[in-house]
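Whenever a hint applies, use it, and build me the whole structure from the sequences.
Quick note, the sequences are listed as chains A and B, same order.
Number 205 in UniProt numbering belongs to position 205 of the first sequence; there are no gaps in the numbering.
Number 80 in UniProt numbering belongs to position 80 of the second sequence; there are no gaps in the numbering.
It should be emphasised that the hints constitute simulated quantities derived from the structure, not laboratory data.
On a predicted model such as this, the values are computed, not experimentally measured, just so you know.
Yeah, the Cβ is synthetic: ideal placement off N, Cα and C, and Gly gets one too.
Careful: at least some of the hints might be erroneous.
[What the hints assert, rightly or not] Keeping only pairs whose Cα atoms sit at most 16 Å apart, straight-line, the calculated EDC-like set for lysine to aspartate or glutamate is:
| # | chain 1 | residue 1 | chain 2 | residue 2 |
| --- | --- | --- | --- | --- |
| 1 | A | 216 | A | 182 |
| 2 | A | 165 | B | 61 |
| 3 | A | 165 | B | 31 |
| 4 | A | 165 | B | 60 |
| 5 | B | 12 | B | 196 |
| 6 | B | 12 | B | 192 |
| 7 | B | 56 | B | 40 |
[Said to hold, decoys possible] Stretch-level coverage of chain B by chain A, calculated; a stretch enters the list once three of its residues show a Cβ under 8 Å from a Cβ in chain A:
| # | region |
| --- | --- |
| 8 | 76-82 |
| 9 | 95-103 |
| 10 | 118-128 |
[Claimed, not checked] A short list of chain B residues far from chain A (calculated; beta carbon distances all over 10 Å):
| # | residue |
| --- | --- |
| 11 | 11 |
| 12 | 192 |
| 13 | 213 |
| 14 | 293 |
| 15 | 313 |
| 16 | 322 |
| 17 | 327 |
| 18 | 332 |
| 19 | 335 |
Listed below are the residues making up each chain.
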Amino acid sequence: MTVLEQPGAYRPTPPPGWQPRVEAAPLLPDAEPYRLLGTAAAADISPDLLTRLHRELVRGRRYNTQATALTRQGRLAVYPSSTGQEACQVAAGLVLEDRDWLFPSYRDTLAAVVRGLDPVDALTLLRGDWHSGYDPHEHRVAPLCTPLATQLPHAVGLAHAARLKGDDVVALALVGDGGTSEGDFHEALNFAAVWHAPVVFLVQNNGFAISVPLAKQTAAPSLAHKAVGYGMPGRLVDGNDVAAVHQVLAEAVRRARGGGGPTLVEAVTYRIDAHTNADDATRYRPDSEVEAWQAHDPIALLEDAMRDRRLLDDEGVRAARESAERLAADLRTRMHQDAVLDPMELFEHVYADRTGQLREQAAQLRAELDAEAGDSGKGE
Amino acid sequence: MTTAIGADTARKPATMAQALGRALRDAMAADPSVHVLGEDVGTLGGVFRITDGLAKEFGEDRCTDTPLAEAGILGTAVGMAMYGLRPVVEMQFDAFAYPSFEQLISHVSRMRNRTRGAMPMPITVRVPYGGGIGGVEHHSDSSEIYYMATPGLHVVAPATVADAYGLLRAAIASDDPVIFLEPKRLYWSKADWSADAPEQVPPIGRAVVRRPATGGRQSATLISYGPSVPVCLEAAEAARAEGWDLEVVDLRSLVPFDDDTVCASVRRTGRAVVVHEATGFGGPGGEIAARVTERCFHHLEAPVLRVAGFDIPYPPPMLERHHLPGVDRVLDAVARLQWESEWTEGSAV
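Here's what the structure looks like:
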């Protein structure tokens, strides 16, 4: 047996006075994802919260199917669906106070909508009329981030700045399993831990980075385990159990707000749809796997638990579905209206003041537009 | 822009490094939202001591030693700017900034654009850049073309002690991200300078004629910025003996580019040489030469020439003097400006 094969045998001689910075054990995640629905502890969750979670889950599923349909109708250039992951999205969208900030990735439009963003504004990037359809300050939602994990250091910097100003603001940053391989993930977690920043990182481990499964993404025991190396707690939660995700996130947010520093939460879930409408998921996973996860559906899990507690009946389900249909109908109607775009806006937001070069180019485009208008005028 | 703290009207010798440090200090004193962050900027005062004393005067929350991670430094600065701070980031050496390029290009440069103006990025990125100090590999790059090619960034480079102060104050005050290129080999250059002179703060985007031509018969404009400006001034002095009357334009700002000042000079002199340390192929000089040619073609007596670093990775320190454009190479280019008719008429001198 080599030294490295003997558990605990490899101990470099520490310098005098050396002490471990923290005990690793309290930081380690449990081996199994935390479940709440269907356990005795679920009896303590407030009926109001469960009703709210249920309503948003049902609306979220409908939002996902409607947005996917809009891609087929050519109204959205692309839509990365979060069907199957709605529990993570809903919990993330509901867990924060108004003054807190949400840092979503491109798959997290639903979380932004649950937080209060207009669904049409949330889809502007994916429709293609502008890169972001909303003022981030309005609902404290950072612009949807397309590069992977690069929004995580933003969340750290914002939370750090808020703390420096004396505001008890928390930032919640969302990232996928693939994003945890990026350097920005590492740097963000390291900065957050060193600065003791009030940030919560939520990894939605949905099984695949486009086609690459988790086993080819990481050799870590779990993604939550990565937290230990930075000196922050890692928490593993069933990502389809909306009550569990909400509770774990709420604890992490509370801890951050109280000065306890950052937390890394891994929610184990599954992407039922393909990566986007441009992806063929049948090339990298069998139908049987998808069906197994469909049997662990976040809406069904919650409805079963609520019916057991007599907090939901057929009437409650119908009311939630009607609310969802109204959301979908409104989205359909408004997304089928053609966007009104002003090409001159291309030059508006590059710098605070246009440079001489941009003034020249704006004049060129203005002339081209005027010529176009003149040509079409002659044709009439 | 508020004036510098304290009365300091006397003009005294100061180095560019001192002026940069004073600019940071004055900006932090004038505006509590200005925060300095980077590797070694706190206790050590930066490896070039530009941030010396800031942590002591303003506290470690305002001048922060970060973990060693350039993407993290710039990425957290983005979040700080989102919350209303004005981060001033130090990249320790030019080539050390490359890990931060994704943050720079994907976020810093276009956050204003993406959010329709709702989220400006008032971030200053200080980059000690260029060669001539005997640095080993990755310590002497001239990376300005990467920054110049990214819409949304301002790119400035001071060449004098006064501009180092003034441009840095302007950069920090700007609501847009500014790449602030600090010519390392000019850090210890000295000039008589007073910190208490707000008129020394030039607006970003304005070039200056550093040495006017005097109306001599054989005239040309040397167009340069940063560490090559003193080289051009020396070359202009030496060229008098050859009968050349050279005007030196210091760009100060590569983005925005001051076409007016540059072209006015070239129209006066009729000839132009662009001088910089960065590589020539695909380098800043190509863009500048093209702009000058497009705007001044009928005034030109000769093609716009470029004197640049060779198209090689930055050389090891014992060979860098062969790479860096020096006075002789500039004078050789000036000699080549005696285009065809000049040669045939033999009108030199």
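Hint-by-hint comparison with the structure:
| no. | hint | result |
| --- | --- | --- |
| 1 | 216/A x 182/A | holds, 14 Å |
| 2 | 165/A x 61/B | holds, 10 Å |
| 3 | 165/A x 31/B | holds, 14 Å |
| 4 | 165/A x 60/B | holds, 14 Å |
| 5 | 12/B x 196/B | holds, 11 Å |
| 6 | 12/B x 192/B | holds, 5 Å |
| 7 | 56/B x 40/B | holds, 14 Å |
| 8 | 76-82 | holds (count 7) |
| 9 | 95-103 | holds (count 3) |
| 10 | 118-128 | holds (count 3) |
| 11 | 11 | holds, 32 Å |
| 12 | 192 | holds, 33 Å |
| 13 | 213 | holds, 24 Å |
| 14 | 293 | holds, 16 Å |
| 15 | 313 | holds, 23 Å |
| 16 | 322 | holds, 35 Å |
| 17 | 327 | holds, 32 Å |
| 18 | 332 | holds, 32 Å |
| 19 | 335 | holds, 33 Å |
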